[in-house]
Structure formats: C-alpha cells, structure tokens
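Undergrad: Read off the chains here:
2 protein chains.
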Amino acid sequence: MPNYLAIDAGGTSTRAVFLTHFGQCLGYGTSGGGNPVSRGFDGALEALLAASNSAVGDARAPLAAVTLAMAGASLDLPTHLFQERFVTLGLTGQAVIESDLLAAFYSGTYQDDGYALIAGTGAVAARIAGGRLAAVADGTGWLLGDTGSGFWLGHEVARAVAAALDGRGTPTALTNLVLEDLGITVDPDSRTQGRVSAQQQLIVKTYELRPIELSRFAPLVFAVPEDAVAQQIIARCAAALAQTLRAVVDPAISGPLVFGGSVLTKGGTVGAAVLTQLGQAGESAGHPDGAFKTEPALVADGVVGAAVLALKRNGEMVDATVFERITSSLASLRG
Amino acid sequence: MPNYLAIDAGGTSTRAVFLTHFGQCLGYGTSGGGNPVSRGFDGALEALLAASNSAVGDARAPLAAVTLAMAGASLDLPTHLFQERFVTLGLTGQAVIESDLLAAFYSGTYQDDGYALIAGTGAVAARIAGGRLAAVADGTGWLLGDTGSGFWLGHEVARAVAAALDGRGTPTALTNLVLEDLGITVDPDSRTQGRVSAQQQLIVKTYELRPIELSRFAPLVFAVPEDAVAQQIIARCAAALAQTLRAVVDPAISGPLVFGGSVLTKGGTVGAAVLTQLGQAGESAGHPDGAFKTEPALVADGVVGAAVLALKRNGEMVDATVFERITSSLASLRG
Numbered sequence: 001m002p003n004y005l006a007i008d009a010g011g012t013s014t015r016a017v018f019l020t021h022f023g024q025c026l027g028y029g030t031s032g033g034g035n036p037v038s039r040g041f042d043g044a045l046e047a048l049l050a051a052s053n054s055a056v057g058d059a060r061a062p063l064a065a066v067t068l069a070m071a072g073a074s075l076d077l078p079t080h081l082f083q084e085r086f087v088t089l090g091l092t093g094q095a096v097i098e099s100d101l102l103a104a105f106y107s108g109t110y111q112d113d114g115y116a117l118i119a120g121t122g123a124v125a126a127r128i129a130g131g132r133l134a135a136v137a138d139g140t141g142w143l144l145g146d147t148g149s150g151f152w153l154g155h156e157v158a159r160a161v162a163a164a165l166d167g168r169g170t171p172t173a174l175t176n177l178v179l180e181d182l183g184i185t186v187d188p189d190s191r192t193q194g195r196v197s198a199q200q201q202l203i204v205k206t207y208e209l210r211p212i213e214l215s216r217f218a219p220l221v222f223a224v225p226e227d228a229v230a231q232q233i234i235a236r237c238a239a240a241l242a243q244t245l246r247a248v249v250d251p252a253i254s255g256p257l258v259f260g261g262s263v264l265t266k267g268g269t270v271g272a273a274v275l276t277q278l279g280q281a282g283e284s285a286g287h288p289d290g291a292f293k294t295e296p297a298l299v300a301d302g303v304v305g306a307a308v309l310a311l312k313r314n315g316e317m318v319d320a321t322v323f324e325r326i327t328s329s330l331a332s333l334r335g
Numbered sequence: 001m002p003n004y005l006a007i008d009a010g011g012t013s014t015r016a017v018f019l020t021h022f023g024q025c026l027g028y029g030t031s032g033g034g035n036p037v038s039r040g041f042d043g044a045l046e047a048l049l050a051a052s053n054s055a056v057g058d059a060r061a062p063l064a065a066v067t068l069a070m071a072g073a074s075l076d077l078p079t080h081l082f083q084e085r086f087v088t089l090g091l092t093g094q095a096v097i098e099s100d101l102l103a104a105f106y107s108g109t110y111q112d113d114g115y116a117l118i119a120g121t122g123a124v125a126a127r128i129a130g131g132r133l134a135a136v137a138d139g140t141g142w143l144l145g146d147t148g149s150g151f152w153l154g155h156e157v158a159r160a161v162a163a164a165l166d167g168r169g170t171p172t173a174l175t176n177l178v179l180e181d182l183g184i185t186v187d188p189d190s191r192t193q194g195r196v197s198a199q200q201q202l203i204v205k206t207y208e209l210r211p212i213e214l215s216r217f218a219p220l221v222f223a224v225p226e227d228a229v230a231q232q233i234i235a236r237c238a239a240a241l242a243q244t245l246r247a248v249v250d251p252a253i254s255g256p257l258v259f260g261g262s263v264l265t266k267g268g269t270v271g272a273a274v275l276t277q278l279g280q281a282g283e284s285a286g287h288p289d290g291a292f293k294t295e296p297a298l299v300a301d302g303v304v305g306a307a308v309l310a311l312k313r314n315g316e317m318v319d320a321t322v323f324e325r326i327t328s329s330l331a332s333l334r335g
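Residue numbers (the numbering used here), protein chains in the order written: chain A, 1 to 335; chain B, 1 to 335.
Any given hint could be a false lead.
Since copy identity is lost for identical chains, a pair holds within one copy or between any two.
[Stated by the list, open to error] With a cut-off of at most 25 Å between alpha-carbon atoms, the simulated SDA-like pairs for lysine to any residue come out as follows:
no.	residue 1	residue 2
1	266	159
2	312	300
3	312	192
4	205	77
5	205	141
6	205	143
7	205	134
8	312	193
9	312	54
10	266	41
11	312	191
Quick caveat, the hints were computed from the structure, so don't treat them as lab data.
Please read all numbers here as calculations on a predicted model, not as lab measurements.
Just need the whole structure built from these sequences, with the hints factored in.
TA: This is the structure in structure tokens:
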C-alpha cells in the first residue's frame, strides 16, 4: 500500500511528515526556512530535503507522492526540479505544490468547504469550496495590507509610542516597553532643537531595523492589558481581521472555520475579539456569519493539512477517523 | 555695509539668495538636492556652491555670513568644512546651519513667536518661541509617523485600493486611477488561486517600488472629489495634521501660523480642512487654537526664511518693512 510524504515549507521553518495511505504518521522531521521566494531555490530545496530525510529515516519506502505546501507565490515553480531530488528518497510518483492556505485549513478539518483566517507575520483569509481556494482576501504584504498581522501590531505599537512621546497621542505604558526593548534611556523631559530626545533616539534605532522587524513589538501590546492605547490597537486588529474574513464569506458555502498564526492562536485575546466582532460565529445559517459551522479550530502550522492534502489529492479517503489518526499519530511523533 | 548669503538646502532642490543687510535681494540661484544626509557631504556641498555661485554672480562682494537652512539631522555637521569652501565666494565671517523648520516659519513671518505646520513628503509641526524651536511634533519619518504627509496620503490610497479589490474595503474610483498609473489592465473578475488577479498585479508592481515612492499616489486623492473613500482619506489627513499642530501649542505663546509643503499649500483642500478641524484659527486667546493670531501664511519653500535668519542672527533688524523688501525683491529675481 502506498506511503506519502507531506511537507509544510514556511518562511522560517519547514516540517515534513511521512505517512501511510490510511493516515498513520511514521516519521517526522524539521529544518529551516523552505520558502523558495525568501530562501532562494537551492536553499529552500536543501531545507525541504533535510526535513524529509528526518521524516523518512531509514525506511526509504517507496513514496507514492510528495505534497509541498508553500506560500502562494511558489505555486508556479517548476515542480520537476523538486521531483528529481526526491527520487533519492524513494519517490515513484509526483511532487505537487499546494497552497499554504489550503494546508492551514486542512490542518483544522478534513471537510472540503469552509473558511480559514491566518494572522501571523502576515494576515489573510480564504474561502475553501470543494477542496480548492475559492476566494482570498488580504495577504497583500506589510506595505499594502496584512492588516491585523503581527507586523501590523508591531507597527501600530511603534507609531503609538512615537505619537505619545511628542503629545500627538495618548500617553501609554507601551512607551517604556518599547524604549526598554531598544535600550533607550534618556531623561523623558529632555529636548534638542525642540524635539523630545527619547523620540529622536526612537527614530534613529527604528530606522536601523528593516521595516518588517517592527513585528518584534507585537507581543508588547498583550503585556499591558489595562492600557487604553494597547486595548485600542487590539480592538482595531480584531476588527480588521473580522473584516478580512467577512470579505471571503459566501452564504452558499458553510463549513468549519480555522484560525492560524500566532496573533490568533496564542493568548486568545485577538481570536476571542474577532469572534465577538463576527457576532457569535454560527449564529444562524441565514446570517453571513452563519457560514461558520463550528467554533474555530486553532492550528499551529500546516503540516497536518499537508498530510491531509497528500492523501486527498491521491484519491485516499480522509474522514473523521483518518483525520484523527493523522493528528494523534503526528502529535506522538512530535512528542 | 555687510551682505549675506542665505541658502535653503532641500532634499531635491537648493535655493540661494544674496542680500544686503537691509533685506534687498541682489541675486538668486538654484541647484539640485543639498541635503548631506540624502546626498552625501560632497554632493550636498557641490549643490550648495552651485546655487550660491549663481546667487552671488560676479559680485564676489565680501560676505559677512552664510546661513544654511537644512533638515534637523544636519545640525550636528562640522560647519567649518562648509565655511572653508565659501571663502572662495568672499566669505569673511561664519557659516551657520539653521533648522529647515525655522526657515519655513520665517518664510511666512518676521515675528519670533508662532507656529509652523509642514506637510510635504513628511509632516511636522513646530512651536517657535524667541526665534528658537521650542517644540516639535511628528516629522518622525514614513514608518513611525509623518501622518498626513504626501507619503501617508499615497500609502493610504494604495491600501484602500488593495482593500477595495478583495472586498475588505468600499469600492472606490481610486482603484482605476491606481491600476492605470501602474499600467495594470486585467479582467476585473479574474481570480487565480482565489486571489483577484488585479490585486495580485498590484502587489507585484507596488513591491517593486521603494516604499517612499508610494507618495506618487497622493495626488490621486484630490482627483476624485466625489469619491467617499477619497474624502475619508483627506478628512483623516486633515485630522492628523490638526492633531500634530495641537501637540505643539502652548497657550502662553501666540503668533502667526505658517503652512508649508505641497499637501497644505497646493489645492487648498487639506489646508481648509485643517483650519476647520482647529475650529476657526484665532477664535479667542483663551482657546488653545487662539494661539494662532493670523490666517495661515502659505510658504512654498524656506529661502525667504533663510534670508530672514541670516539677518536676524547677525544682529540686523527685520521688521515688517524689511520682510516685505526681502519677499518682493526676491520675487522679482525669481521672476
């Protein structure tokens, strides 16, 4: 009976799982970033093979197919270049690239219709119909959108602190947290040429970072739950994510809702606020938010979904029992 | 009697004026960007000397002093390096760097107390007291602030269009203007992997630009006055600029209000909206907005102010008559 290899290739880490056609996970491996867009083709391939080698181990069992879950921009890559390299691992069939959004969705469900909302470094929502991406909203990157993402949160924190320092914005406990994070210690009342000295230092230190590194300030917003400015940023984050999800809802498609990404899955503050914004998910089938038939499933990454896709795309049946087998046997391997 | 050279060194262009101690402008010259931070020291110096040579012409009259108006970050530069080079132009005294914010303020008034609000590529407000910068708000750059600037406007336009394309945002006439500007012509209903194709193209084209180049979209917001999304962006721009100005107001300091930068001085839409936000400038002395004693003076650049500073800092008297002499004689030279 055929075995499969499923890989979740992210920007900073890669996960691979080796599994049977009935969803029993036999081996698991990880490595560094496996995204060809950010790592380059050779670096990404190296990461994919490293994780895959760990997963397959000494088995070298024939692999009926390899499923590679990657960010959207990778979908046009020449898959035969991947395929050739996987022959050494025992691949007899095809290497197929699938969207990381689909992998995130299928990490929370085995059903073929439903919705995913992901807020990690970026932010994106998708409607899945018949096992395919039917609509995608946001995921437009840090400059054009990704509203409600980790970058967005960190950026809003930095802007709120800059505004608080010169009196444009409300004073906030975030100021000390950001200044401390950047190692800025100056007399808060000191000014040079009219400008608050701490703000001048903030400017210097911030522009030394790459813009995307502002996401480092995102966790600070959850560190001061009593702070009004932090609360407003979280509320706007949740409102934006709810709006992104609403943009992909089609009342004709109902199914599970999957939440992914650290902003939605860690701490629970933003996830709960998004559900409040949506006015209680699953309220009624007539209501647009009635499209979500379950409480959101929280997924940490896309490796379960890559495994589900490996089976489904190769004609294997994935029902509740098989899905449960994948998740529980993988959890054992991950320890 | 002493003559002076005053230079307004901007990021993209430099203006120099040669004038007498009683404010009669004798020569005027321009050149390219004269900011040492963006151009490098040698490139900036070359631009400064080119504009100065044009201004001084064949006169080579003794120059009692040179005043260089430059962006804040230039204030710590070693002025003796400038000074040495200006000796060839007849400089006998000092070369002194002054803040471009002060030069903008003094381009609209000869008084020593008051306020300036500038919104060009960046956005910044200042309170001037006793001829010095007493408080500065914003001017924190495109990533941390500059809220209401030309970059901010262009960025908001791009984000609004990205959101409109996938249904997160309200449909807007800005969409076609932006897509046209970027040469994007695709079937508006076409999707690939769930994503609207026009949005995918927008992402590709936008990330090919340097972030700051998004300011190219700023003028579009004024091209569709009936559009609700454009109106909201303009309203938020004006609200932010009013807030930036409020942050520097000290009820104890009242005086003229000077508006600079293309966002505030071209078209008039934003300037008028800022004044509305402030609740009629000059309403009453008790009201914080009563700090502004005049309707705003609109200034195109800082060269008049550099001239005013050249005289004032060297003990020359600048009253209404001298100020009027500077502006009218300079206007004649500029033709």
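Undergrad: Hint by hint, say whether it matches the structure.
TA: The hints, checked one at a time:
For the identical chains of this complex, residue 266 and residue 159 are intra-copy neighbours only, at 23 Å inside a copy versus 27 Å across copies, given an alpha-carbon limit of 25 Å. For a Cα distance limit of 25 Å, the shortest separation of residue 312 from residue 300 inside one copy, 21 Å, qualifies, whereas the shortest one across copies, 65 Å, does not. Only between protomers do residue 312 and residue 192 lie at most 25 Å apart by alpha-carbon distance; the minimum there is 21 Å, versus 64 Å within a single protomer. For the identical chains of this complex, residue 205 and residue 77 are inter-copy neighbours only, at 20 Å across copies versus 38 Å inside a copy, given an alpha-carbon limit of 25 Å.
When the C-alpha separation of residue 205 and residue 141 is checked against a cutoff of 25 Å, the pair qualifies both within a copy, at 23 Å, and between copies, at 12 Å. Taking CA atoms no more than 25 Å apart as the test, residue 205 paired with residue 143 passes in both settings, with 20 Å inside one copy and 12 Å between copies. Taking the shortest alpha-carbon separations for residue 205 and residue 134, only the inter-copy value of 24 Å comes in at or below 25 Å, while the best intra-copy value is 43 Å. In the homo-oligomer, the alpha carbons of residue 312 and residue 193 lie at most 25 Å apart only across protomers (18 Å), although the nearest pairing inside one protomer, at 65 Å, exceeds that limit.
With identical chains, the CA atoms of residue 312 and residue 54 are at most 25 Å apart within one copy only, with a shortest distance of 24 Å there and 75 Å across copies. In this homomeric assembly, residue 266 and residue 41 never come within 25 Å of each other (Cα to Cα): the closest approach is 31 Å inside a single copy and 49 Å across copies. For a Cα distance limit of 25 Å, the shortest separation of residue 312 from residue 191 across copies, 24 Å, qualifies, whereas the shortest one inside one copy, 64 Å, does not.
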